Structures are given as structure tokens and as C-alpha cells.
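Colleague: Take a look at the letters that make up each chain.
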Amino acid sequence: MKLKSVSLFEFLIERAIQVAGISAIVLVALIFLFLIKEGTPAFFEISLTSLFSARWYPIEDYFGLLPLIMGSLIVTIGAAVIALPLGLATAIFIAEIVPSWAREILKPFVEVLAGIPSVVIGFIGMLVFAPAIRVALDIPTGLTAFTGVLLLAWMALPTIVSVAEDVLDAVPKTYRDAGLALGMTHWQVIWRIVLPAGRSGILTALMLGVGRAIGETMTVMMVTGNAARVPLTPRDFFMPVRTMTATIAAEMGEVAQGSPHYHVLFAVGLTLFVITFIVNMAAAMVVFRQTKRAERMLS
Amino acid sequence: MRYRKVFPTLVVFLIFVCGLILNGCSQPATSSAEAPTSAIQNKGSDTIVNLALAWAEYYRQIRPDVDIAVTGGGSGTGIAALVNGTVDIANASREIKDKELESARANGIEPVEFVIARDAIAIVVHPSNPVDKLTIQQISDIFSGKITRWSEVGGEDRPIVLLSRETNSGTHVYFLEEVIRKGDSEDKTLFSSDTLLLSSSEGIGTEVRQNPNAIGYDGLGYVTDDMKTIAVGVSPDQPYWEPTVETVNQGHYPIARELYMYTAGEPQGQIKEYLDWILGPEAQQIVLDLGFVSVNGD
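Going line by line, the protein sequences match chains A and B.
Using the numbering used here, read the first sequence as starting at 1 and increasing by one per residue.
Using the numbering used here, read the second sequence as starting at 1001 and increasing by one per residue.
FYI, nobody ran anything at the bench for these hints, they're computed from the structure.
Hints may contain errors.
Derived, one-sided and incomplete: chain A residues facing chain B with beta-carbon distance under 10 Å [unchecked claim]:
(1) Ile59
(2) Ile139
(3) Asn226
(4) Val255
Only a predicted model underlies this, so the values are computations on that prediction, with no experimental measurement involved.
In this text, a Cβ means the ideal position worked out from N, Cα and C, and glycines have one as well.
Whole structure, please, built from the sequences with the hints as guidance.
Modeller: This is the structure in C-alpha cells:
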């Protein structure tokens, strides 16, 4: 009797988890379908030459997406370039180098950092970072792509550090012991054994960090100035940009439903979705290929 | 033990999904619900819509028995609705046109005009900026990107950083039409693409206060003491006017306009009471709070 109730419970739980898993997939698919449904009319209503022009001024029917796409890319790539090495180094430091008592202090601090609301970071950026950057670099305004990059890197760091540290922590101690027994230095153990062992988890951590950066809205809206100009020269890194997320956030509230502007905003969202999708796919493929190579070498 | 942890999460998730679905279903039902017929219908200018909403909400506290339904859509939409007799009060950020007046009279409606508030746009710069006055032409050239350095308008040798409200702001559109295009509807000049679009008055204020390169514009009510306002002249040989409540109410300051409400015939009953209240001190305080200029002149 007891056994039966357990197996019934087991059955229910299994089904429930199945439903949860499937619903996650279904929800993503529905979001994608909705974006396509609302976004694709934009490509019929507005000519492609207009969509790929350099002018974004929707209230006068200028729908050039170029400045928005470039703006998002420059800010995200900049933030990734700063946050990835720094985050990985911090994770290695916390997981492998500091004594365990220091780790108990550092880890919660990093996690508290992850909990700071983006609007607060944006506010600090607007009031503290932007003026300081303007004066330090002697540029016309402090509301620039660079300011956004710094703040986004700051926001992506805790995610990267926290997840990567968990991954490194999960690498079995026997791996390290084996390395040390073979006469490897501490650094060689980290570089040759621990990092390759946690490769796929680390990549996930980096992807989550980049994901946080590309999807962030409030902070970039507050500190990048939102000028829809196409960044072309390195100098433009220190000039205002307008990102896709900030554009959607700023304009969606007032747009008439079903108008070309409304569809274009969904097309922007679709573009954003596709970019994140490609980034994740690329990361997954890298992990997949490397695992296979590692398996080949072992066999 | 592990399974038990999953279960509550799942339940919460399912409830959430059900909530979403139910919410999605119930939405059309609420929007199609008929407003009570005794309500005062108030429609028109998007510039005024926030003010009208604030008034309607406040008035509800004083007179819970009066329902006021406020919708935007633009000055033309509001006046057209008044002409068709579907609204009681039309909001407009411009005077009624002769053509609209004619068609109203053809429908047996005599629109009555009330100036309910004034809207003035102040040009603001950093307090250390030596530039005191600009003509409309100069402001237009600055914001359209033809003038890019302060030295070209008598200031220091610094780059000009343009600050604007986002495109969905009524102030943005008014500034584009009346200042950058100088009121010429054939003119297709746009804001320079280097213009920083900030989503709030606070954003403009923060940047103007700390950046000596910046120039911005905003409703007069949003200007604080730690920004410097620029005197504006129609042309170099005419007087320049500082934006103040007095110059706006006397009609001197050039970047200002009156905001109107139109009723069909002399207002009666509840509508008259509402309009009387709007022109009174309590409602005019809300005008100031929202960054417009009060018609009481204080």
C-alpha cells in the first residue's frame, strides 16, 4: 500500500516536471511567434533601404535601424571585453587562490552586487560616472557608449563571477590532487586542469553575463544619451549611442497599436532576439565541439 | 525530499500561467465596457492629456458623483469630436481654425473658448555659460546641427551638446514644429542626429546642471534655480525676453502658447462647475505642478 502511494506520487511528480519542461519550450516558442507576428509586417510596410538607413526618427517616418543595432553591439561588445576576463579572473581568485574563510566573505559580497537594481546603477552612472568621465576624458558629454559599457560590465560581473565560481568549485578535488601529485604548480593546475574541466560551465557563465549586458535596458537608457547616431570611428565610442532595448522601452509606451512604428519596434525586438539566439547557439556549438574533441583524445 | 521542493514552485508557476491566460482573456471585456452616459467626455490634445487626467482624478475626490472620461488623440481629433457632438469638452493646444468653426456652426454648435493654462518652453544651459540670449533662428540652427560650437553664438570655444526630450513627448513635437521649423509646416528640418534624447525632465536637468557644453529645453515649470535660462528673441533687432510667468502671460515670450478647452455652447450644469473649478486656484496649482504656466499669473 505504501509502495503504491509512493509510486503514484512519483508518477505525478514526473508528469509535473515534464509539463514544466515542455511549458518552458512552449513559452519561448510563443514569444518567438508573437514577435514574428507583430514584427514582420514592418518589413512589408517599410522599404528595406529605409530600414537600413542611418536615420532613426520614427515620428517623421524615418525608421533606420542601423544606429540602433550598431549602438547595441558596441555597448554589448565593450561590456563583454571588460567583464569577461575580469569576471573569470575574479572567479578563479575566489575559487582557487584565497583561503576558504576569505571565500566565505567574498562570495556573498559578489552576490549582493548582483542584486543591485539596474535603475540604481543607472542613477549612480548618471550622477557620478557621467560627469567624472566627461571631465577625465575631456569629451563633450559624459552620457556616452563608454559610460554604458562600464556600467554594464559592472552589472555583468557578479553574474559571471558567481556562476563561474560555482563551476570551478564543482571540479572534483581528485583532479587537482592528481595534478599536484604529478608535480604541477598551482597555476598549472588551474590553467591546465581546473579550467578545461569546467569549460562548458564557464562558457555558460560568460553567456549569462553577455546576456545580461545585451538585454539591459534601464541603465543604458539613463547613461548612453540615446542619440541615434551610427558609431563608425573609434572616437564614437566616447559619444552618445542609442541601443535597441532603450529604444523599445522609450517608445513602446506611446506608440499607436498596429502603426508602422509599432511594427518596427517589434522588428527591433525580433532582431534582438535573433542576435541573442545566435550568440547562444555559437556558444553551445563551441562547447559541443570541444567536448567531442576531448572525448576523442581520451578514447 | 527533493521532489517536495519542486512541487510548490510548480504550483506557483501554474497559477502564474493561469493568471496570465485569464488576464489575457479578461482584457478585451474591460475595454469594451461602456462608460456611464452621465460622464463628462473630455478629448483632444496630447499635450494637455496629462493635465486633463490630473484634473479629472483630483476632481473625482471633490465631486465623486461626476465622472470625467479623458482621452487624447490630438487637438484636431478633439475639436472634430466636439463638432460632431460626441464630446462635452475638447482640449486643444492651438486655437480653433476658421474652417472648424464653420463646420461647427453648420452643425448648430457654437464652440466657446477657455484658456485653461499656458505652456512655455524655456531654453536652459549650465549656469557658467556666458551666452545670455539667442534668436529663434540661432536656436533652430543649434538644434538642427548647423551650429556646433558655442563660440559661433558668442560663447566659449566649446562643443554644443544638444539635449531633448524623447520623441513621444508633446514638448518635443512642439519644439520641433515651432522652434526648429519656426512654425513653417513645409519645413522638413529635423533634430540633429547627435541630439541626446532623454526620457525625463530630470535627465535634462541633471545633464544641464553639470555639463557646461549642454543646451536643453523643457517646460518652464520644470526649470530650477540652478539652471540658466536663455532670453529668446524673434529676430536680432527685436527685444529678447526671459521666460518668466509674467512675460508668458503678457504674450512677450516667443516660445509659448495658450492651451484651450472648447465647449459646445456656453457650458451648463456640471460642465460649467468643472470649468469654473479648472480656472480656480486649486486646479491651477496642478497646472504649475505639471510644468505649465498658470493663467492666474502667480
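Colleague: Could you check if isoleucine 59 of chain A really has its C-beta closer than 10 Å to a C-beta on chain B?
Modeller: Interface hint status for isoleucine 59 of chain A: holds (5 Å vs cutoff 10 Å).
Colleague: Given valine 255 of chain A as an interface hint, is the shortest Cβ-Cβ distance to chain B below 10 Å?
Modeller: Holds, because the Cβ-Cβ distance from valine 255 of chain A to chain B comes to roughly 8 Å (cut-off 10 Å).
Colleague: Holds or violated: is the Cβ of asparagine 226 of chain A closer than 10 Å to a Cβ in chain B?
Modeller: holds, 4 Å
Colleague: Would the hint on isoleucine 139 of chain A be counted as holding, given a Cβ-Cβ threshold of 10 Å to chain B?
Modeller: holds, 9 Å
Checked against the numbered hints listed earlier, the structure breaks none of them; every hint is satisfied.
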